[in-house]
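Participant: Chain by chain, the residues:
2 protein chains.
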Amino acid sequence: MKRKQPAKPAPVERDERVRHSKKTVLMATYKLLSEAGLSGVSVDAVSKRSGVAKTTIYRHWPSRSALLLDACSNMGSRPQAPDTGSLKGDLELLVKHTAQQLRTAPWATVAPSIIDAAERDQELANVHARTHSGVRTPFQTVIERAQQRGELSRDLDPSHVIAAIFGPLFYRRWFSREPLDEAFTKSVVERAIRK
Amino acid sequence: MKRKQPAKPAPVERDERVRHSKKTVLMATYKLLSEAGLSGVSVDAVSKRSGVAKTTIYRHWPSRSALLLDACSNMGSRPQAPDTGSLKGDLELLVKHTAQQLRTAPWATVAPSIIDAAERDQELANVHARTHSGVRTPFQTVIERAQQRGELSRDLDPSHVIAAIFGPLFYRRWFSREPLDEAFTKSVVERAIRK
Numbered sequence: 001m002k003r004k005q006p007a008k009p010a011p012v013e014r015d016e017r018v019r020h021s022k023k024t025v026l027m028a029t030y031k032l033l034s035e036a037g038l039s040g041v042s043v044d045a046v047s048k049r050s051g052v053a054k055t056t057i058y059r060h061w062p063s064r065s066a067l068l069l070d071a072c073s074n075m076g077s078r079p080q081a082p083d084t085g086s087l088k089g090d091l092e093l094l095v096k097h098t099a100q101q102l103r104t105a106p107w108a109t110v111a112p113s114i115i116d117a118a119e120r121d122q123e124l125a126n127v128h129a130r131t132h133s134g135v136r137t138p139f140q141t142v143i144e145r146a147q148q149r150g151e152l153s154r155d156l157d158p159s160h161v162i163a164a165i166f167g168p169l170f171y172r173r174w175f176s177r178e179p180l181d182e183a184f185t186k187s188v189v190e191r192a193i194r195k
Numbered sequence: 001m002k003r004k005q006p007a008k009p010a011p012v013e014r015d016e017r018v019r020h021s022k023k024t025v026l027m028a029t030y031k032l033l034s035e036a037g038l039s040g041v042s043v044d045a046v047s048k049r050s051g052v053a054k055t056t057i058y059r060h061w062p063s064r065s066a067l068l069l070d071a072c073s074n075m076g077s078r079p080q081a082p083d084t085g086s087l088k089g090d091l092e093l094l095v096k097h098t099a100q101q102l103r104t105a106p107w108a109t110v111a112p113s114i115i116d117a118a119e120r121d122q123e124l125a126n127v128h129a130r131t132h133s134g135v136r137t138p139f140q141t142v143i144e145r146a147q148q149r150g151e152l153s154r155d156l157d158p159s160h161v162i163a164a165i166f167g168p169l170f171y172r173r174w175f176s177r178e179p180l181d182e183a184f185t186k187s188v189v190e191r192a193i194r195k
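From first to last, the protein sequence lines are chains A and B.
With my numbering, letter number 90 in the first sequence gets 90, and the count goes up by one each step, no holes.
With my numbering, letter number 54 in the second sequence gets 54, and the count goes up by one each step, no holes.
Honestly, I wouldn't trust all of these hints.
Note: identical chains are not told apart, hence a pair may lie in one copy or across any two.
Below, simulated EDC-like cross-link-like pairs (lysine to aspartate or glutamate); rule was C-alpha separation at most 20 Å, straight line [to be verified]:
# : residue 1 : residue 2
1 : K22       : E119
2 : K31       : D83
3 : K195      : E151
4 : K48       : E151
5 : K186      : D155
No wet-lab data here; the hints were simulated from the structure.
As the structure is a prediction and not an experimental result, all values here were calculated from the model.
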């Protein structure tokens, strides 16, 4: 038989408090990631920054990786797959959004530290793979739709088209540090789907 | 007036010792980078691992960044620009070599930690830019040669072609972790130079 707890808050109020505390923890994780990269994020550091107890953090996220996954998957805005009527139009919208995020979003500064850690940590590699697969989804959708309506050859492997789009954008942002201007993003889309 | 040092070794012997000690330091830096990423490389750690005194290390490299630059630029093998007679042939050779390096060379494991640190450290960003510009050189050479002989339009920006080649390779190696197989590398070259 359960002991009665008169001071227990009503379920709605409790849900609200849980939601607030989870949000506080995710914000703290996100800020630590942006400031110091992955090595700055321990459950200890997140607890200190957020003021939320470690036991509470572990109640919501079983591991540091789970917490990172959750923080990362909330970091960038995820566009819906557009439907402009042409593959070129759809991809231009998506690429414009991606380039904008690469130029300004805090996750663009944080991503390399996750990529780096993933080289030596299989669990983080899985975190990253899941996060990235979400980023690919709208691209996959518009490419497959174009194949279904016969606009793009079904012989083309969608994953090659996706690599031809993300690759040059990521390359300029993190490797060569050249500008992601409109002339470049347009040429990326044209080259990726050229017959 | 300089004090006479009777025990001073002959110049040739001294040069040999300097060369040996520099090589030992670079090897230690390279090994530490491969094992632990950039955060594992301090001049202290390199001195301990190599057995070469910190003062000697600082005599050859004025800063940790200078040491990193030297170690990194010696990490991968740099191919000469090939001359097969066709741009496609030249690029296929270069891309095959790059894909091979991305699959097996230790620098492929280390590069993300330099990219990551470069986000927060301008000096390292310069180290990386200089290292990477050396990697681009043979690609730049074969592309410009193809433009000179009229095989590739002069309207094409060589830097766009380079991004269309490195981008998808780097993307698969570090971001999506998909295979860099021959079907993929061939499609990368074809797409990059397609008219």
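Participant: Each hint should be assessed against the structure and marked as holding or not.
Facilitator: Hints versus structure:
1. When the C-alpha separation of K22 and E119 is checked against a cutoff of 20 Å, the pair qualifies neither within a copy, at 29 Å, nor between copies, at 28 Å.
2. Within a single copy, K31 and D83 get their C-alpha atoms no closer than 34 Å, and across copies no closer than 50 Å, so neither meets the 20 Å cut-off.
3. For a Cα distance limit of 20 Å, the shortest separation of K195 from E151 qualifies both inside one copy, at 10 Å, and across copies, at 19 Å.
4. Proximity of K48 to E151 under the C-alpha cut-off of 20 Å is found in neither arrangement, the shortest distances being 54 Å within a copy and 61 Å between copies.
5. Within a single copy, K186 and D155 get their C-alpha atoms only as close as 23 Å, which misses the 20 Å cut-off; across copies the closest is 15 Å, which meets it.
Hints 1, 2 and 4, counting from the list given before, are not met by this structure.
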